[in-house]
Amino acid sequence: MGELIRCTDVCKDYVRGAERVGVLRNVDLSVQDGTFTALMGPSGSGKTTLLNLIGGLDSPTSGEIEVDGLRLDSVNARALSAWRARSVGFVFQFYNLLPVLNAQRNVELPLLLTGLSRSERRKNAGLALEIVGLADRGKHKPGELSGGQQQRVAIARALVSDPCLLVCDEPTGDLDRSTADEILELLQTLHRELGKTIVMVTHDPRAADRAQHTLHMDKGRLVSNIEGLGTEVA
Amino acid sequence: MKLSSLLWANLLRKPTRTSLTFVSLAIAFLLFMLLRAISDAFSGGVSMEGMDRIVIDSRYSLTDNLPLSYVERIRALDEVDQVTNVSWFGGYYREPRNAFATYPVDPESYFDIFREQGISADTLARFRSVRVSAVASEALAAHYGWQPGDTIPIVQDIFPQEGGSWTWQFELAGTFQYAGGELLLIHYDYFNEAVVGWGKDQVGWLVGRVADPKEVDAAIRTIDGMFENSPDPTRSTTEDEYRRQFASQLGDIGAISGMILMAVFFTILLLTGNTAAQGFAERVPELAAMKTLGFPDGSVAALVLAEALALCLGGATAGIAIAWLLEPGLEANLGGMIGSFDLSGWSALQALGLATLLGLLIGAYPAVSARRLTIVDALRER
Chain S
13 MGELIRCTDV CKDYVRGAER VGVLRNVDLS VQDGTFTALM GPSGSGKTTL LNLIGGLDSP
73 TSGEIEVDGL RLDSVNARAL SAWRARSVGF VFQFYNLLPV LNAQRNVELP LLLTGLSRSE
133 RRKNAGLALE IVGLADRGKH KPGELSGGQQ QRVAIARALV SDPCLLVCDE PTGDLDRSTA
193 DEILELLQTL HRELGKTIVM VTHDPRAADR AQHTLHMDKG RLVSNIEGLG TEVA
Chain X
34 MKLSSLLWAN LLRKPTRTSL TFVSLAIAFL LFMLLRAISD AFSGGVSMEG MDRIVIDSRY
94 SLTDNLPLSY VERIRALDEV DQVTNVSWFG GYYREPRNAF ATYPVDPESY FDIFREQGIS
154 ADTLARFRSV RVSAVASEAL AAHYGWQPGD TIPIVQDIFP QEGGSWTWQF ELAGTFQYAG
214 GELLLIHYDY FNEAVVGWGK DQVGWLVGRV ADPKEVDAAI RTIDGMFENS PDPTRSTTED
274 EYRRQFASQL GDIGAISGMI LMAVFFTILL LTGNTAAQGF AERVPELAAM KTLGFPDGSV
334 AALVLAEALA LCLGGATAGI AIAWLLEPGL EANLGGMIGS FDLSGWSALQ ALGLATLLGL
394 LIGAYPAVSA RRLTIVDALR ER
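Sequence order for the protein chains is S and X.
Per this note's numbering, the first sequence starts with residue 13, numbered consecutively.
Per this note's numbering, the second sequence starts with residue 34, numbered consecutively.
In isolation and in its complexed conformation, chain S is listed as follows:
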């Protein structure tokens, strides 16, 4: 099990008007391949910002971020887009599915960026929907599905390119307890059976309990590492 994510002295500032606000301060982090990590902390602690940096959605103000051997802080936007398409699956609180496409086509969407044929894309999308238990809902549009089903479609979309890393931002934040448990169960299954590396931001301690280890953030810094298996905070 090698190191998949390494953050070294990462800082992130945002400029709001004339003020520069430091959101992340000197974060050092190492996440091993194949682990399930929860990132907790109060609102404004910087956990989503850190997740965005790890997922290549944003760039650090300073410091180094290396994921799966690629220095994310030193590549251009186009290369970063290509890397995201290849290496990362995203799961958001509000699903972010395209309402005009049915579930099958939403899952197929990331595969348009690959060289796969149409039949291969359909086959892979169908397989991903099968993994999340929605093989029979491919023709339904997001508006015709429950919140839990939409999140399952979003997870299928995150999986379909077979990325090495899944980043999940409050994946159960918009769901009731029972449905949230089902989604967390699914994420655990993906980690356990498919060996996916998962980094999940959550406010919910019960959700964090599903992870192998939990990192806590406060005021832009990583402050603790519970269980610490495979995850190191410097």
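Because the hints were derived from the structure by calculation, they are not lab data.
Please note: incorrect hints may appear among the correct ones.
With a Cα cut of at most 30 angstroms, we get these calculated DSSO-like pairs of lysine-lysine [what the hints assert, rightly or not]: (1) X:K35 / S:K135; (2) S:K153 / X:K233; (3) X:K233 / X:K247; (4) X:K47 / S:K153.
Simulated restraints on C-beta separations [as the list claims (entries may be wrong)]: (5) X:L394 / S:N88: 26 to 32 angstroms; (6) S:R204 / X:R413: 29 to 35 angstroms; (7) S:D221 / X:S37: 41 to 47 angstroms; (8) X:R413 / S:N88: 21 to 27 angstroms; (9) S:S74 / X:L36: 32 to 38 angstroms.
Residues from chain X shown here face chain S by an in silico Cβ test under 8 angstroms; the list is partial [stated by the list, open to error]: (10) A42; (11) N43; (12) R130; (13) T325; (14) L326.
Small disclaimer: the values here were computed from a predicted structure and weren't measured.
The beta carbon of each residue, even a glycine, is placed where N, CA and C say it ideally should be.
Put chain X on the given structure of chain S with help from the hints.
Okay, now just chain X, sitting in the frame of chain S:
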């Protein structure tokens, strides 16, 4: 699935809004095609047959007549080879909606001047010999199914006959070739004898052919000089120039249609642009999600721009198609009045070019905004 599927899905996201925009674009481009055809009809170039022809009209206005005696006086000029007189008759066949141009003409000289309007020797002989006869353009005769020998009743609203009847009866002598659509020619002598009051011994305008086309300007100066101090002064021009002046007396058709189209397309630009901007604002999270999945900035911007282009080109294509479907009917109803009502392939190409420009203008703001959209900011605003 391809990105084009996503394009269509996005266009059909709000079917009512898209349909209304599509229909407004189609109507705008239909208007473009029709106004272009009308403008072309008025500004159409003169044929080679008309290079040696001059039109002699009243200097006062298009609607003023000239004395019949001018025909022989002009014919006597050395510069003029032949001259014929034409008048406006108007009227309609059975019902007011069956209106077409009808001219009382001199059958002896008319077809000698307008040689491009081919007529058979038999038909011409019949037309010349029977004073109540008329000849119809082929399009007009075909439209109403007229055959030689048929009696054609023309209902008048300007010229009553002696005895008070407003319906003039003509016997169809035959047909002649006329590129301008629908036209009926009747005997001037018959008209002149039967008409009561205004119009008697008057002609609408004269058309002369000069002996030497190079001497057109000299002939014009001679003719207008001859009547300069008379109660009915003339204004002579080449046939080409006459058409232009005719158009300018009705108003500068080209300029008017251009202004109408500018107003239409400016309004369309604002309305459709506003709709596109609203549509973009509604889709910011989706576009951010696409970028998250790895779609490059340029691809997302191209998708947004392609949607605007597809809508505009689709609307333009529909407008052009409708115009083409309407052309035969419009040609039949307007052709006789304004000349030839023809939709041109060049106008269709211009419409498609305009649609492309419109699509680029409408799609530019959303596309640039989509390109600049930062994922983190867009997702945070959700």
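Practice problem: Could you tell me which of the hints above the structure violates, numbers in ascending order? | Solution: Per hint list: 2, 3, 12 violated.
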